[in-house]
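Enquirer: Listed below are the residues making up each chain.
Number of protein chains: 2
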Amino acid sequence: MADTTVYRSSTFAPVNIAVIKYWGKRDPKLNLPTNSSLSVTLSQSDLRTHTTASCSSLYETDTLLLNDSPQDISGARTQACLSSLRSLRRSLESSDPSLPALSTLPLKIVSRNNFPTAAGLASSAAGFAALVRSIADLYRLPTSPMDLSKIARQGSGSACRSLFGGYVAWEMGSADDGSDSLAVEVAPASHWPDMRALILVASAEKKDVSSTAGMQQTVATSTLFKERVEMVVPQRMSEMRRAVEEKDFETFASLTMRDSNGFHACCLDTEPPIFYMNDASRAAVRVVDAVNDKAGRKVAAYTFDAGPNAVVYYLEKDEEAVAGVFKGILGDKEGWEGEKGKGVQEMEAPKEVEIAAAKLKMGISRVILTGVGEGPIKTDEMLIDEKGETVV
Amino acid sequence: MADTTVYRSSTFAPVNIAVIKYWGKRDPKLNLPTNSSLSVTLSQSDLRTHTTASCSSLYETDTLLLNDSPQDISGARTQACLSSLRSLRRSLESSDPSLPALSTLPLKIVSRNNFPTAAGLASSAAGFAALVRSIADLYRLPTSPMDLSKIARQGSGSACRSLFGGYVAWEMGSADDGSDSLAVEVAPASHWPDMRALILVASAEKKDVSSTAGMQQTVATSTLFKERVEMVVPQRMSEMRRAVEEKDFETFASLTMRDSNGFHACCLDTEPPIFYMNDASRAAVRVVDAVNDKAGRKVAAYTFDAGPNAVVYYLEKDEEAVAGVFKGILGDKEGWEGEKGKGVQEMEAPKEVEIAAAKLKMGISRVILTGVGEGPIKTDEMLIDEKGETVV
Numbered sequence: 001m002a003d004t005t006v007y008r009s010s011t012f013a014p015v016n017i018a019v020i021k022y023w024g025k026r027d028p029k030l031n032l033p034t035n036s037s038l039s040v041t042l043s044q045s046d047l048r049t050h051t052t053a054s055c056s057s058l059y060e061t062d063t064l065l066l067n068d069s070p071q072d073i074s075g076a077r078t079q080a081c082l083s084s085l086r087s088l089r090r091s092l093e094s095s096d097p098s099l100p101a102l103s104t105l106p107l108k109i110v111s112r113n114n115f116p117t118a119a120g121l122a123s124s125a126a127g128f129a130a131l132v133r134s135i136a137d138l139y140r141l142p143t144s145p146m147d148l149s150k151i152a153r154q155g156s157g158s159a160c161r162s163l164f165g166g167y168v169a170w171e172m173g174s175a176d177d178g179s180d181s182l183a184v185e186v187a188p189a190s191h192w193p194d195m196r197a198l199i200l201v202a203s204a205e206k207k208d209v210s211s212t213a214g215m216q217q218t219v220a221t222s223t224l225f226k227e228r229v230e231m232v233v234p235q236r237m238s239e240m241r242r243a244v245e246e247k248d249f250e251t252f253a254s255l256t257m258r259d260s261n262g263f264h265a266c267c268l269d270t271e272p273p274i275f276y277m278n279d280a281s282r283a284a285v286r287v288v289d290a291v292n293d294k295a296g297r298k299v300a301a302y303t304f305d306a307g308p309n310a311v312v313y314y315l316e317k318d319e320e321a322v323a324g325v326f327k328g329i330l331g332d333k334e335g336w337e338g339e340k341g342k343g344v345q346e347m348e349a350p351k352e353v354e355i356a357a358a359k360l361k362m363g364i365s366r367v368i369l370t371g372v373g374e375g376p377i378k379t380d381e382m383l384i385d386e387k388g389e390t391v392v
Numbered sequence: 001m002a003d004t005t006v007y008r009s010s011t012f013a014p015v016n017i018a019v020i021k022y023w024g025k026r027d028p029k030l031n032l033p034t035n036s037s038l039s040v041t042l043s044q045s046d047l048r049t050h051t052t053a054s055c056s057s058l059y060e061t062d063t064l065l066l067n068d069s070p071q072d073i074s075g076a077r078t079q080a081c082l083s084s085l086r087s088l089r090r091s092l093e094s095s096d097p098s099l100p101a102l103s104t105l106p107l108k109i110v111s112r113n114n115f116p117t118a119a120g121l122a123s124s125a126a127g128f129a130a131l132v133r134s135i136a137d138l139y140r141l142p143t144s145p146m147d148l149s150k151i152a153r154q155g156s157g158s159a160c161r162s163l164f165g166g167y168v169a170w171e172m173g174s175a176d177d178g179s180d181s182l183a184v185e186v187a188p189a190s191h192w193p194d195m196r197a198l199i200l201v202a203s204a205e206k207k208d209v210s211s212t213a214g215m216q217q218t219v220a221t222s223t224l225f226k227e228r229v230e231m232v233v234p235q236r237m238s239e240m241r242r243a244v245e246e247k248d249f250e251t252f253a254s255l256t257m258r259d260s261n262g263f264h265a266c267c268l269d270t271e272p273p274i275f276y277m278n279d280a281s282r283a284a285v286r287v288v289d290a291v292n293d294k295a296g297r298k299v300a301a302y303t304f305d306a307g308p309n310a311v312v313y314y315l316e317k318d319e320e321a322v323a324g325v326f327k328g329i330l331g332d333k334e335g336w337e338g339e340k341g342k343g344v345q346e347m348e349a350p351k352e353v354e355i356a357a358a359k360l361k362m363g364i365s366r367v368i369l370t371g372v373g374e375g376p377i378k379t380d381e382m383l384i385d386e387k388g389e390t391v392v
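So the sequences go chain by chain: A and B. Letter by letter, the first sequence follows residues 1 to 392 in UniProt numbering. Letter by letter, the second sequence follows residues 1 to 392 in UniProt numbering.
Heads up, a few of these hints could be off.
Pairs count within a copy or across copies, as identical chains cannot be separated in the list.
Below 30 Å or equal to it, Euclidean Cα-Cα: the simulated DSBU-like pairs (lysine-lysine) are [what the hints assert, rightly or not]:
#1 K351 with K294
#2 K378 with K351
#3 K340 with K247
#4 K387 with K340
#5 K226 with K361
#6 K361 with K333
#7 K29 with K333
#8 K361 with K378
#9 K247 with K29
Derived by calculation from the structure, the hints in this document are not laboratory data.
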């Protein structure tokens, strides 16, 4: 009798927001970057992808359901991940014939985000990290997170950093086959646990250019980009590692803001120019500058990915000075009603940012309060039942 | 009996808008730039400063009236111009004692712009060019426009380019004393007379950072700036000269847009970042991109100085495709009612720029239609009468 078992494994995986940005591929097929990058993994209580991977002879083909919508998985990126994982499983099976031949079974994967995908919140990083981690668990692969990060990287570059919690570097590597382009832990979340992040979600607006297309336009046309990848980022990477190791927030903040600005400068230097920051983003910059000026030291650091949302990093002890000022401006928006938001004391914004405050109010639709968090976490909460049906 | 003659001379001087931008000083005192720049002088029928310089023993001290407001002329920049001109006059007087000793007389200077100073339209360039040219005429200096440009440069860097009409380069020079940092004519207006410029004046908003302060912050902090001044601009300068000489609008347009974006990229890469472009500026970029896409060639080129105003260059033959589309979007704003604007046929904007068109409508308050024009022009229209009184 044929084995009709539904093999399952489930994981939660986090979002990460880079403080030294990934922008540009030296090999678009293998997702090999033009420079190393460094990120903070964010807490999964606020932002996470929950994925159940299953395989069974009951299934006909590989399928992926994301937030209840069937996804096309025939693309080269998803296929690269699936075939790498199957091939690792196949090796296990051939060395131990007692193992069930899971590598031959169709996969059914069900994935759900606890945050709106449309908000432009690095959902593909969490998505591919969860996909790779859950299938690796399903296959009981002994593969290290570093090696899994190489697989996730092929799905979405920044996904490799979501295989770890805390402070994570993606080492660009130099090998043509990508074998040394992987994520490593710079420090666990417990090393510097009081790092907070306030995300200002911009009102929905069509993205200027997808990051995949945009970064290769920059590589091809920006005259300033070479300086960034060859000279500027390598130095920032080593300074940022030291800042994290020494828990030196002022240096962390300065490097984070400079690198975000330098990345968007290269976008602007692209032909045609790419704009991700809008008037609300620039207003967030001005408020952070004013908050830092008022404090007389850097207590807050903004960073912007390929979109207008601001992520503002700060330490728990400076919550009032940072999140408090933003609550003073944006207190009527969604996102403050949870446990973390309720406790924030509203502060008055510095007078000189009156115009910026008005622009923030117009351009920001909600906030998310979060902080540094753990890497992927295995869970018994299954999105697929024992019969292979999606749990509603 | 003492000579109480009021000696007078009057000039009109033009605005210029750079297509290869000046940003950064290697010597802030002498206004020596970190890179050469190239500009188009704009027609004085639309934008000009009218200045009358006079000197007389009737006056007590040097004075300057701009748009009927007394100006402080004790600043180092104005003083550098006045003392250079006086010293040249003194030399003339000592070699020919029959000349009246104008160099010893107090100066009264009256200046008026035919456009709102507040609009952020490079008024200091026209202002210092008119100041220097009118005093040089008053003193009957045999000095060449190139030599006068060195004097005007000390007042306001970009003013040196307003000593010439047409297409003008400011050669950065290499001498420590600034003796080879001057403006030269690349081509007269008559060489390529069909160059038009549509200026989109952004709704009044406080400027982010003055260009004087901003450019030195960029020099001090931008990590990408060195590449711009050492590698990028020198190559663009030689390509731009060739484009002007060959009347190659497509190359002119491509270089103009890239250099504007590269300059603003360096502003963004400054710590703290400097933003001059706003959402309306970016909307203008998108409309120009769409106009070029639709034409299948570059018929329009945007450029932005240290503010949100867009200047869009195009050739007369493409008026409908360029100015027509902007009139279709901004037809209800001030500025189309004149002779040049009335004749422009309103065109429908490409569908894909619907959002950009809406942002332009919100952010632009008026337009100015102009084109390439002549350098300073001597005039008999005096703003000071024979008795030394200001003409109202």
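Enquirer: Can you tell me if K340 and K247 fall within 30 Å by alpha carbon in one copy, between copies, both or neither?
Expert: Within one copy, since 23 Å is at most 30 Å while 62 Å is not.
Enquirer: As a check of your reading, is K378 near K351 (CA-CA no more than 30 Å) within one copy, between copies, both or neither?
Expert: This pair counts as neither: shortest intra-copy Cα distance 48 Å, inter-copy 48 Å.
Enquirer: With 30 Å as the alpha-carbon cut-off, assign the pair K351 and K294 to within, between, both or neither.
Expert: For K351 and K294, only the intra-copy Cα distance (11 Å) is at most 30 Å; the inter-copy one is 46 Å.
Enquirer: For K29 and K333, with the copy left unspecified, which applies at a CA distance of at most 30 Å: within, between, both, or neither?
Expert: For K29 and K333, the Cα distance exceeds 30 Å both inside one copy (41 Å) and across copies (49 Å).
Enquirer: At most 30 Å between alpha carbons: which applies to K387 and K340, within, between, both or neither?
Expert: For K387 and K340, neither the intra-copy (39 Å) nor the inter-copy (76 Å) Cα distance is at most 30 Å.
Enquirer: Please sort K247 with K29 into within, between, both or neither, judging by C-alpha distance up to 30 Å.
Expert: neither (36 Å within a copy, 42 Å between copies)
Enquirer: Between K226 and K361, at a C-alpha cutoff of 30 Å, which is it: within one copy, between copies, both, or neither?
Expert: Intra 37 Å, inter 37 Å, cutoff 30 Å: neither.
Enquirer: Can you tell me if K361 and K333 fall within 30 Å by alpha carbon in one copy, between copies, both or neither?
Expert: Both, since 8 Å and 27 Å are each at most 30 Å.
Enquirer: Classify it for me, K361 with K378: is the Cα-Cα distance of at most 30 Å met within a copy, between copies, both or neither?
Expert: This pair counts as neither: shortest intra-copy Cα distance 39 Å, inter-copy 52 Å.
In summary, the numbered hints that this structure violates are 2, 4, 5, 7, 8 and 9.
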